[in-house]
Amino acid sequence: MHHTPSTNSSAADIASVLVVVQASLSLVAGLSAIPFAIVEPGFRVLAVVTILMAAAMFWLARNLRRGRRWAWRWLVSLEVLSLAMTSLLSLLPIGTIRGPVPLLVNLVIPTAVVVLLAAARSDARRAA
Amino acid sequence: MYDIATDHASALTAAVLLLLFVVAVVGGLRFLAARRVALAGRITQVYDAAPSMTKLAAALMLLSGGIHLALVPGHEGITGVLFVIDGLGFIVFAIAAFLTNWWRRPAILWLVATILAYLVWVIAGWETPDQIGIACKLIELVALGLLMRLANPTRRTWLRRVWRATAFPLMACVTTLGIWVGGLAHPDALHAHAGALLQPVAAVATPEQQVAAAELLANTRASIARYQDPAAAIAAGFKPGPVSSADPLRHFQNSANANVILDPNRPQALVYAKTHHGLQLIGAMFQMQRAGQWGPDPGGPLTQWHQHEGICFSPFGIEFSFETPFWTCPIGSTSITTAPMLHVWIINNGKNGPFAADLDKAVQRELTGRS
Numbered sequence: 001m002h003h004t005p006s007t008n009s010s011a012a013d014i015a016s017v018l019v020v021v022q023a024s025l026s027l028v029a030g031l032s033a034i035p036f037a038i039v040e041p042g043f044r045v046l047a048v049v050t051i052l053m054a055a056a057m058f059w060l061a062r063n064l065r066r067g068r069r070w071a072w073r074w075l076v077s078l079e080v081l082s083l084a085m086t087s088l089l090s091l092l093p094i095g096t097i098r099g100p101v102p103l104l105v106n107l108v109i110p111t112a113v114v115v116l117l118a119a120a121r122s123d124a125r126r127a128a
Numbered sequence: 001m002y003d004i005a006t007d008h009a010s011a012l013t014a015a016v017l018l019l020l021f022v023v024a025v026v027g028g029l030r031f032l033a034a035r036r037v038a039l040a041g042r043i044t045q046v047y048d049a050a051p052s053m054t055k056l057a058a059a060l061m062l063l064s065g066g067i068h069l070a071l072v073p074g075h076e077g078i079t080g081v082l083f084v085i086d087g088l089g090f091i092v093f094a095i096a097a098f099l100t101n102w103w104r105r106p107a108i109l110w111l112v113a114t115i116l117a118y119l120v121w122v123i124a125g126w127e128t129p130d131q132i133g134i135a136c137k138l139i140e141l142v143a144l145g146l147l148m149r150l151a152n153p154t155r156r157t158w159l160r161r162v163w164r165a166t167a168f169p170l171m172a173c174v175t176t177l178g179i180w181v182g183g184l185a186h187p188d189a190l191h192a193h194a195g196a197l198l199q200p201v202a203a204v205a206t207p208e209q210q211v212a213a214a215e216l217l218a219n220t221r222a223s224i225a226r227y228q229d230p231a232a233a234i235a236a237g238f239k240p241g242p243v244s245s246a247d248p249l250r251h252f253q254n255s256a257n258a259n260v261i262l263d264p265n266r267p268q269a270l271v272y273a274k275t276h277h278g279l280q281l282i283g284a285m286f287q288m289q290r291a292g293q294w295g296p297d298p299g300g301p302l303t304q305w306h307q308h309e310g311i312c313f314s315p316f317g318i319e320f321s322f323e324t325p326f327w328t329c330p331i332g333s334t335s336i337t338t339a340p341m342l343h344v345w346i347i348n349n350g351k352n353g354p355f356a357a358d359l360d361k362a363v364q365r366e367l368t369g370r371s
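Just so you know, the protein sequences line up as chains A and B, in that order. When the letters of the first sequence are read in order and numbered with this note's numbering, they come out as residues 1 to 128. When the letters of the second sequence are read in order and numbered with this note's numbering, they come out as residues 1 to 371.
Be careful, since some hints might not be right.
What the hints assert, rightly or not - The calculated SDA-like cross-link candidates involving lysine to any residue, where the alpha carbons are at most 20 Å apart (straight line), are:
1) B/K55 <-> A/V108
2) B/K239 <-> B/A196
3) B/K274 <-> A/V108
4) B/K274 <-> B/A231
5) B/K55 <-> A/I109
6) B/K55 <-> A/L78
7) B/K361 <-> B/A202
8) B/K274 <-> B/Q289
9) B/K239 <-> B/R250
10) B/K274 <-> B/W294
11) B/K55 <-> A/A112
12) B/K55 <-> A/D123
13) B/K55 <-> A/T111
Read the hints as simulated data drawn from the structure, not as lab findings. Since the model is a prediction, treat every value here as computed from it, not as a measurement.
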């Protein structure tokens with residue numbers, strides 16, 4: 001019964017992996033908007049903002065693994081904001097959530113991150 | 001843009017059932033362990049001793065394996081055989097995660113190979129990317145991220161650090177790009193172009209449908225002739241839509257007609273082309289109330305409705321781009337799907353015809369000087 005030697009496999013560690021997945025998907029969204037920015041000037045700004053946000057999320061994920069409380073706070077705020085926006089948009093008849101992929105990306109992963117961050121906080125309190 | 005393929009829908013049910021089965025098995029083992037059944041006790045001990053990250057990675061690989069196996073009946077030939085091998089491989093790695101210490105690297109290779117094989121298949125046109133396939137790749141990407149995180153690097157050279165930091169985002173980019181290329185290069189029969197889904201219709205129009213389509217065109221042309229001057233349209237309650245530098249057409253919408261269904265006298269919108277001499281009326285647009293609600297098509301395949309989906313809409317400047325296969329849009333924009341619409345072009349629309357989703361490229365170039 002052997003296990004791969006691993007670093008800390010706490011809830012925060014798993015949450016950081018999910019945040020890296022989200023950051024990667026944001027990075028792709030930002031990069032994919034660049035061709036449209038040629039004819040849509042507003043998307044130039046949105047593409048840059050999205051890429052910067054993706055970079056910030058990579059950085060937050062890294063600092064979450066290192067146990068920084070400010071990273072935890074920022075991530076909780078971002079994920080809750082993201083979930084609130086998704087919930088609001090899904091109430092509108094614009095087809096924001098249609099099928100398993102948007103459900104996973106926009107609801108399941110952010111919810112999982114929030115739950116894992118909450119668990120990480122209680123783990124840290126218990127350890128203290 | 002990406003739907004659920006009919007022969008893939010069973011995989012969704014299989015995934016849910018598999019998750020319930022795993023929960024039931026773990027619960028059952030705990031129940032037996034509590035009643036001092038030796039084997040159940042040993043398995044529970046091994047399971048509990050594993051790190052949470054290993055458990056999650058194993059669960060995701062098991063899920064991917066189950067989905068692959070559930071898809072086998074709909075895939076013949078080499079694809080079906082590879083699905084069996086892939087599915088069984090994932091199940092083996094999911095079990096090996098609790099029993100061995102060699103599983104991580106082969107599992108990473110298996111995941112990367114599976115994702116890359118999927119990309120080859122969709123780019124070659126052997127498989128149409130749909131939401132089940134894309135969701136499966138997302139599950140595999142998350143599992144890959146977890147396995148990469150489980151590594152315990154012994155040599156920390158800067159090259160290895162850079163590789164560790166960039167490998168996963170690179171894989172996510174390659175996956176997105178591959179699915180995108182595959183989807184755009186080989187759209188299915190119901191996708192007129194990227195972002196437009198066509199109403200399913202019969203292949204050939206009956207003589208009655210041809211007459212009905214001609215009537216719809218004639219009635220619409222006669223009805224909207226009074227709006228040649230945009231001022232007349234505005235006076236009648238049509239409001240000019242937002243100006244987009246990227247769109248050579250301009251829509252004037254009338255919200256008073258929102259609940260009317262395919263009435264040539266009360267179209268939901270008028271379409272003008274931005275020509276060098278000002279706005280020129282070129283057609284009408286009929287629209288239903290909500291996404292997925294196809295309108296009546298008196299002309300059968302001749303009057304095929306379409307809805308735009310997979311669009312990232314930004315209210316800042318009213319601009320559009322395409323969302324990624326993973327349903328993400330740039331910050332400040334949101335994914336939208338429009339209600340089905342039917343255009344009736346009152347000018348000669350070239351080879352596309354009077355009810356096409358798009359204006360013919362050559363006609364558009366002639367009218368607006370832009371393609």
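Practice problem: Measure nothing beyond the straight line between the CA atoms of B/K55 and A/A112; if it is 20 Å or shorter, mark the hint as holding. | Solution: 15 Å, holds
Exercise. Verify the proposed pairing of B/K55 with A/T111, using a straight-line Cα cut of 20 Å.
Key: Within the cut-off at roughly 19 Å; holds.
Practice problem: Measure nothing beyond the straight line between the CA atoms of B/K274 and A/V108; if it is 20 Å or shorter, mark the hint as holding. | Solution: Since the Cα atoms of B/K274 and A/V108 sit roughly 44 Å apart, the hinted pair is violated (cutoff 20 Å).
Exercise. Would you mind confirming whether the straight-line C-alpha gap from B/K55 to A/I109 stays at or under 20 Å?
Key: 17 Å, holds
Quiz item: If you draw a straight line from the CA of B/K274 to the CA of B/A231, is it 20 Å or shorter?
Solution: With Cα atoms ~15 Å apart, B/K274 and B/A231 stay inside 20 Å; holds.
Quiz item: B/K239 and B/R250: Cα distance at most 20 Å?
Solution: Given pair B/K239, B/R250 holds - Cα atoms ~11 Å apart, limit 20 Å.
Self-check item: Restraint status (C-alpha distance of B/K361 to B/A202 at most 20 Å)
Solution: Status violated; Cα separation ~26 Å.
Practice problem: Mind checking the alpha carbons of B/K274 and B/Q289 for me, to see if they're no more than 20 Å apart? | Solution: This hinted pair is violated, its Cα atoms lying about 27 Å apart.
Quiz item: Is B/K55 within 20 Å of A/V108, Cα to Cα?
Solution: 18 Å, holds
Quiz item: Going straight from one Cα to the other, do B/K55 and A/L78 come out at no more than 20 Å?
Solution: 27 Å, violated
Self-check item: Restraint status (C-alpha distance of B/K239 to B/A196 at most 20 Å)
Solution: Not OK: B/K239 and B/A196 at ~24 Å, beyond 20 Å, violated.
Quiz item: Regarding the pair B/K274 and B/W294, is the alpha-carbon distance no greater than 20 Å?
Solution: This hinted pair is violated, its Cα atoms lying about 29 Å apart.
Checked against the numbered hints given earlier, the structure breaks hints 2, 3, 6, 7, 8 and 10 and satisfies all the rest.
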